[in-house]
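With these hints in hand, go ahead and build the complete structure from the sequences.
In the numbering used here, the protein residues as written are 1 to 84.
The set of hints was computed from the structure by calculation and includes no laboratory data. Given the structure is predicted, the values throughout are model-derived calculations rather than measurements. Beta carbons are placed, not taken as given, at the ideal position from N, Cα and C, and that holds for glycine. Please note that a few of the clues may not be correct.
[To be verified] Label-pair restraints from in silico Cβ distances:
hint: 1; residue 1: H6; residue 2: S36; range: 26 to 32 Å
hint: 2; residue 1: P10; residue 2: R77; range: 17 to 23 Å
hint: 3; residue 1: Q15; residue 2: E43; range: 15 to 21 Å
hint: 4; residue 1: R33; residue 2: P10; range: 14 to 20 Å
hint: 5; residue 1: S36; residue 2: D71; range: 14 to 20 Å
hint: 6; residue 1: Q38; residue 2: H6; range: 29 to 35 Å
hint: 7; residue 1: E11; residue 2: H32; range: 16 to 22 Å
hint: 8; residue 1: A44; residue 2: C14; range: 25 to 31 Å
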Amino acid sequence: MQLSAHHDLPELFCQLGLPSEGSAIERFIDAHRPLSLQLRLCEAPFWSPQQAHALETMMDASGEWTEVVDDLNVRLRYRACDLF
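What follows is the structure, encoded as structure tokens:
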């Protein structure tokens with residue numbers, strides 16, 4: 001039996017060719033939120049074509065990236081204070 005891989009935001013940002021330190025991730029999210037609810041994450045205008053394709057592939061993958069992509073998706077759409 002093969003265990004599924006657990007991925008995190010720094011690894012996702014690294015895969016996308018973006019700075020993956022915690023503070024850089026927070027700056028990226030702050031700079032690009034709020035993302036419209038009408039757009040799929042991979043359709044956001046701030047991704048390069050390669051990044052958009054990588055995200056779409058991760059979203060359609062067998063689920064190993066689902067949790068971390070969902071986390072990024074939520075964080076780009078809402079501020080922490082909007083969730084409470």
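Hints and how they fare:
1. The given range of 26 to 32 Å is respected by H6 and S36, whose C-beta atoms sit roughly 29 Å from each other.
2. Separation of P10 from R77 is about 20 Å and conforms to the stated range, judged on CB atoms against 17 to 23 Å.
3. Between Q15 and E43 the beta carbons are some 18 Å apart, a value that agrees with the proposed interval 15 to 21 Å.
4. Take R33 and P10: their Cβ atoms lie about 18 Å apart, and the range 14 to 20 Å holds.
5. A C-beta distance of roughly 18 Å is found between S36 and D71, which places it inside the suggested range of 14 to 20 Å.
6. Our hint of 29 to 35 Å for Q38 and H6 holds, since their Cβ atoms are close to 31 Å apart.
7. A beta carbon spacing of about 19 Å between E11 and H32 agrees with the range 16 to 22 Å that was offered as a hint.
8. Between A44 and C14, the C-beta spacing of about 19 Å breaks the proposed range 25 to 31 Å.
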